[in-house]
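So the chains spell out like this:
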Amino acid sequence: MQYTEETVKTLSSCFLQTLAPNPEPRKQAESFLKQVADQPGYGITILRLLSDPLVDAQVRQGAAVNFKNHVKYRWATPLDPDFPPALNPIQDPEKEQIKGLIVTLMLSTPPKIQSQLSEALSIMSQHDFPSKWQTLLPELVVSLRSATDYNIINGILQTSNSIFKRFRYQYKSNELFTDLKYCLDGFAAPLLEIFLKTGQVIGSSSENPAILKPALECQRLSCRIFYSLNFQELPEFFENHMAEWMGEFHKYLIYTNPHVQETDPEKTSVIDELKAAICENINLYMEKNEEEFQGYLGQFATDVWSLLMSVSISTSQDWLATTAIKFLTTVSKSVHHKLFSDPATLKQISESIVIPNVRIRDEDEELFEMNHVEYIRRDVEGSDMDTRRRIACELVKGLSTHYREQVTSMFSGYLQNMIQEYAANPAQNWKAKDCALYLIVTLAPRQASLGATGTDLVNIEQFFDSQIVPELRVQDVNSNAVLKADALKFFTTFRSQIRKQLTLELMPQLIGFLVAESNVVHSYAALCIEKLLALKDGKQLRYTAADLAPFLQPLLTNLFSALKLPESQENSYIMRCIMRVLSIADAGPFAPQCLAELTGILAEVCKNPSNPSFNHYLFEAVAALVKKACERDPEQVTVFENMLLPVFQSVLEQDVTEFAPYVFQIMAQLIESRMPPLPPNYIAFFPPLLTPILWQRQANVPGLVRLLQAYLQKAPQEINQGNQLPQVLGVFEKLVASKNTDHQGFFILNTVIENVSFEVLSPYMGQIWTILFSRLQYRSTGKFIKSLIIFASLFVVKHGPSKVIDTVNSVQPNLFLSILDNVWSPNLSSITGETEIKLCAVAASMLFTPLLEGSATPYCVKLLNSVVTLLVKPEEERVDEEQDVPDLDEVVGYTAVYAQLHNSSKAEDDPLKDVKDPKEFLAKTLGGVSSQQPGKLPSIIQGLEPSNQTALGHLCSTFRISIV
Amino acid sequence: MEGASGAHHRDPFKSSVGRVAGQRRRQQAVTVGKERRESVVRAKRLRRADPSDHGDDGSMQLAVMGDEAAYKALEESTVNAVHNLKNLLKGSPAKRIGALQTLRHLLSCTAMPPVHVAIEAGVVTLLVDCLAFGSSEEQLFEAAWCLTNIASGDLQQTCAVEPALPLLILHLGEKSAVHVVEQCAWAIGNVAGDGEVLRDVLLKQGALHSLSRHLLSPVPSLSRTAAWALSNLIKGPSPKAAMELMKIEGMVDTLVSHVSKGEEDLVVEVAWVLVYVTSMSDFHVTLLLNAGLLPPLLGCLASSEQLSLLTPVLRTLGNIVAGDNSKTDVVLSVGQSLPGGIIGVLARCLESKHRTLQKEAAWAVSNIAAGSILQKHTVFNGGVVPPLLHLLATAVFDVRKESAYCLGNLCVAPKESREQGGIILEHLIALVDGGCLPGFIALVRSPDVEAARLGLQFLELVMRGLPNGRGPKIVEKEDGISALEELQFHENDELQTMSNTLIDRYFGEEYGLEEEYGPGMDVLRGSDDSSDYPPWRQGGGLTA
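Chains as they are written, first to last, in full-length UniProt numbering: chain A, 1 to 964; chain B, 1 to 544.
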């Protein structure tokens, strides 16, 4: 593509149209651009366009965004020439041209375009820098050294910062260190130069914000680059120049200047950002290079300390406060903790730094009311690592590392004071109690199993009685919502410590809070109930169906009412609680009503599935209901079907892909609980299930397989009469071809073998074996072989050994013995699983008679040896743990994950219920062979491994079998 | 196919533990940190004025160091001396030598010689002229000394010496006087200390062979300087030069004999040569061991107190045991003659107050501990555990990390063994009872991604391995859960996945409810268990 007046005109109008409000011309322009982007030279053309000052500003801006995306999707060199990428990649000569231009352009364009180009440059560098882009770093350094305009300087630093960030999270390797060394050699010295030079600028123009602010931003960026370059280990250059860096850091930590303050209290000032960046740097040094750093530690501890004394509680200083506290925390845990050993120091830290930062702020209250999702995420889901409250508590834990007793006794005292303060005037001083509850919960070691088991700070039982119970027993569930939420969180945290009797007494209160107006409160109530119901003493659930029975009706009523509260229609805490209740309680009479509620919700969420965890619990709840109800009363299946099938049908018809795997599982669950014959509406459902498109989605496969199995078990006649067996086998063939799904294919084949008569099956057997053996020949894996042995064994026990031998030999004469000797016998002993071992041992035992009759004696030695090994040796000694490599070409691309429903799991059934002990079976079978064909077995037994000979002898004597 | 019990045998995490913590680790060939060799500045050496060599002008001695005015004066004198040399270049040899001496004196009378001004004044071409064939020994010596000190400067200054390299190498020849050879070798050593580009230039010009001849010089200072220069030359990261060195006939025996008979100063330099050779070639490790390197090498370790010697010897040893198990066996068996065995000697290094020794020793131990089950037992019972636990709790960061590798390796069973779940339970229990867990949790919280991964791997061992479900409980008690949670949003994908998997598996919402609700909830949360396949007969179902 050439840069001509005409192209400029066309492209300009295109970029304008991409901004058009009208979708029609917009889409047209977009598709045109996508098309021309395939042409060589497009990137360069756009680059020229966006840098042309004569072109309209809007067009240039649009072109800049387009250029960045162009680079994003087309810069990477395709890894595999056999799999060309969806979009044409930019060719090498054009890439070189772009690399040659971009730095200069970036530094000479207006800020909005500059930021797009900087992003593009950073993407390019991820692929090419440094080895394929040797000019970049020198070019940046030359510009940095010569520039005097801080817009340009900061542009360079911004770009460099994004290039160096990868040193912060990649593992050490020679490649990474080669690159790092290259960057250090090129950039460490210029960075220090600009940092010192800018320091002088700041020192000499203390009253001019127009100079100061960009200069301070430059220092901040330099500090971030410092962080990246020092992250892996302390580089020689930085160690040699530590005094200069640290001197400057100190200067900025104590720097105050009204001219750089922000007027907007919510906006973070550039000096605070710089200080925070410095805190991160010294924290890194403290963590990783404490020896080299220790000379500076005292000064910095003092600096950070004073900083924290003066930091306000405004959100604009959150970042600064948390990074500063983190630094003190690191010091408190280090060998230099003695800096804080003075009791007066501990007291000052606690009173002036910890407690003020833990107290709830107006902003937190606002979040509680306006954005409950975010509040909950921070408050109970562990996403609070950067909040002041949490970080302040981390400091307490840090101090406790070396001063546990002092810290504990101090904080016990503070807690008492807070509770007294609250008691003096609850309405006015509620924040004191909130602070106390937050401290207790957060400082207790996190115990996932039972909630927290205790704390040194207070006596949990007493505290619960005196402070939490009254809060829960209050009449109005909507009064002081924050404290209610705190109390519920406290209850949840220490749930295992609260007596069962008291908990049950409080259940009506918990149920009441389910319909509190506050979203946080009703979510916490649901969370609390759910966690209580999951609680176990040893292996027993603490709260049983019987305990739950008296509360069941109001509990279910309130849970479903809660789902109708504003902004809680898809509240996953509540749905999870519903699932838990339905899987423990005896829903009995309430079941139809619950199901009606759940199907109603299901019909609603189908329209726009947006909350995966809510939806998962919803289906779990349905599965739990089906399971419980059908166990009690199979007649209810019909009631359930009538409610569920119409919704399921619409899920499948509207192709709601997220829900299909769930629907298949629950349908299978319904069919499994029925007695044959299946009603016609199910039979009508069957043919569409075999449509290939459904099977192409990996997430569907496990559920579909199970459903297909259910059909094969309950309606084999109907399937055969409908002439659908070839299609079923077609599914088997497709699944068995892949290493990832072959076991699924066998699930189907095994069910076919078990449920379809041999007469129906025999025309297909030759083809089935051919499919299996060619897979065996060309792409065998351990998993495949084991599956094959299990299938063949099942065939033996269901239809007799001679059918297996004949059908295999029909593929090719004498094939059976070859398979037996090369595949079956050698791998038999690696079978695992109780049912599987029994099946395979029994089937192998049944083969001896026909083998001996056919004079295939030599093959018997190997087979018998493997059977004995399988039956007597422990698994560790006979199974090699091997990892099959999955077919990678099949797992690329987006696939929805298959989500197993626990409540719809099915029990394993045993194809050989009449055989109790496979060892006995083997002994008795050999006894039979011995009496029918005497004289043959002893020589076979002679050929076994000595230990197996002994084991077999032992078996025979146990079951009083003598072999002659 | 797997049966009902199959699910419990599979553990996607185990492979990653085995892969990383259980493996031997070679030292990074590329380093960015300062080389911690304390008493000796290894890479570059300035030649200061000999004490016997009294300067002709007392005022030049710079009585007041650090005085700016005096340094200005020194710079000025240096520029003058260069001009003077230029003027005298065509003059009488005696005068020329006098001018060279003055210049050399100026370039060696302070720790920070005014190299930059000399270069700007054009000193290098003059010195190249002075190195011309047929020049007197004294002139060559003085010129080489000047170049030595110029090459001791920064990279840019060292590069300026490049035109002199062919002549410097030439004067390494057999006919040159010993003190000239030594000074040329010294200059070359300085140049070689400054990066791979210059090393390549030297190699192309044949410096390696010329230097190596002098390894066997009867003059101790010359063989020492040659060994030092060679150690700089073969540093790599490319192993090419080291390979070329070892191809020279008799080299293996020369090195081994120096280690066994040499003066301590010489052994230091030879040991550095061995550091680079053993780090780059397994094959030559075998040759060196066959030639009897170990007894004298381990002897140094047991008898010397010198940090400068112990550092390269420890690192060589660490490289040797980074090879296969059979080499480690040889080390252990030769080491039996030492008091406490080799492990006892390493334990004493771990107890040293020097960070360098602690780190090198821990690294060597971590490699032995990555070996066979027998080797692991030997390490475990050899006395290193108490110092390692102490270091893990109190040492500086990089030493803590090395110690953690040792302790982790002691608990991971070798791949071929059939230990339960890949864990050596006896070791694990002893270490946890010895109080190692807080140290590992601190690593999980550290900003270093490798240390965090190591910490996670150890927590996984503890939670999976300790009997009666004690693992998760003790991790909880040490506040490990919040440490794990801190990684849940880490920029490093692996750490993020690992911490999420661990939390889900051991502290997930279904904790304690496995009987009713299998581990399948993981799927929902995004951990990919799709490689697991359910029991053969069930299809979509899961064992109740």
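Be a bit skeptical, because a hint or two may be false.
Unchecked claim - BS3-like cross-link-like pairs, simulated, lysine-lysine; straight-line CA separation at most 30 Å:
no.: 1; chain 1: A; residue 1: Lys132; chain 2: B; residue 2: Lys240
no.: 2; chain 1: B; residue 1: Lys95; chain 2: B; residue 2: Lys72
no.: 3; chain 1: A; residue 1: Lys181; chain 2: A; residue 2: Lys165
no.: 4; chain 1: A; residue 1: Lys536; chain 2: A; residue 2: Lys739
no.: 5; chain 1: A; residue 1: Lys397; chain 2: B; residue 2: Lys473
no.: 6; chain 1: A; residue 1: Lys500; chain 2: B; residue 2: Lys477
no.: 7; chain 1: B; residue 1: Lys240; chain 2: A; residue 2: Lys181
no.: 8; chain 1: B; residue 1: Lys240; chain 2: A; residue 2: Lys536
no.: 9; chain 1: B; residue 1: Lys95; chain 2: A; residue 2: Lys172
no.: 10; chain 1: A; residue 1: Lys397; chain 2: B; residue 2: Lys477
no.: 11; chain 1: B; residue 1: Lys240; chain 2: A; residue 2: Lys172
no.: 12; chain 1: A; residue 1: Lys112; chain 2: A; residue 2: Lys172
no.: 13; chain 1: A; residue 1: Lys338; chain 2: B; residue 2: Lys353
no.: 14; chain 1: A; residue 1: Lys181; chain 2: B; residue 2: Lys95
no.: 15; chain 1: B; residue 1: Lys175; chain 2: B; residue 2: Lys204
no.: 16; chain 1: A; residue 1: Lys531; chain 2: B; residue 2: Lys261
no.: 17; chain 1: A; residue 1: Lys798; chain 2: A; residue 2: Lys739
no.: 18; chain 1: A; residue 1: Lys531; chain 2: B; residue 2: Lys473
no.: 19; chain 1: B; residue 1: Lys247; chain 2: B; residue 2: Lys261
no.: 20; chain 1: B; residue 1: Lys353; chain 2: A; residue 2: Lys197
no.: 21; chain 1: A; residue 1: Lys267; chain 2: A; residue 2: Lys338
no.: 22; chain 1: A; residue 1: Lys803; chain 2: A; residue 2: Lys607
no.: 23; chain 1: A; residue 1: Lys539; chain 2: B; residue 2: Lys473
no.: 24; chain 1: B; residue 1: Lys477; chain 2: A; residue 2: Lys539
no.: 25; chain 1: A; residue 1: Lys172; chain 2: B; residue 2: Lys327
Calculated from the structure, these hints are not laboratory results.
List of violated hint numbers, smallest to largest:
Result: hints 4, 8, 9, 12, 14, 16, 20, 21, 22 break, sorted rising.
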